[in-house]
Amino acid sequence: MVIQGVIAVLVVGGLFFAFVSAVGLYRLPDLYTRAHAASKSDTLGSILSLSAVALAFGADVATIKVVMLVVFMLITSPTAAHAIARAAHEQGIEPWTRGDDR
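Residue numbering for the sequence shown is 783 to 884, as defined by our numbering.
Please note: incorrect hints may appear among the correct ones.
[To be verified] Straight line, CA to CA, 25 Å or less: simulated DMTMM-like cross-link-like pairs of lysine to aspartate or glutamate: (1) 822 x 876; (2) 822 x 812; (3) 822 x 872.
Keep in mind that the hints were calculated from the coordinates and are not lab data.
Make the full structure from the sequences, and use the hints.
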């Protein structure tokens, strides 16, 4: 019964951070801030959701696979966001400033 409550809290937390990521992509003004919102909150949302899946599976081979997915997400998502932001900077895309029009 307690484990089901923990799973529910993890799923709700994952959904919350996925929603925050979507709102950040929609509302933020430029590529750099959008990449930041997507990489940070989406990674956390995915990790929380995958943690809920691992707890739901219990002690099983599938749990090991889910843990490997969590490690993969921790490594690749921030790295990809950094690579995209760096490529944009090298292409000369300027960050949004307060005086710029949207």
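Consistency of the hints with the structure:
Restraint check for residue 822 and residue 876: the C-alpha separation of about 21 Å stays at or below 25 Å, so the hint holds. Restraint check: the Cα-Cα separation between residue 822 and residue 812 comes to about 16 Å, which is no more than 25 Å; the hinted pair holds. With a C-alpha separation of about 22 Å, the suggested pairing of residue 822 with residue 872 holds against the 25 Å cut-off.
In summary, this structure violates none of the numbered hints.
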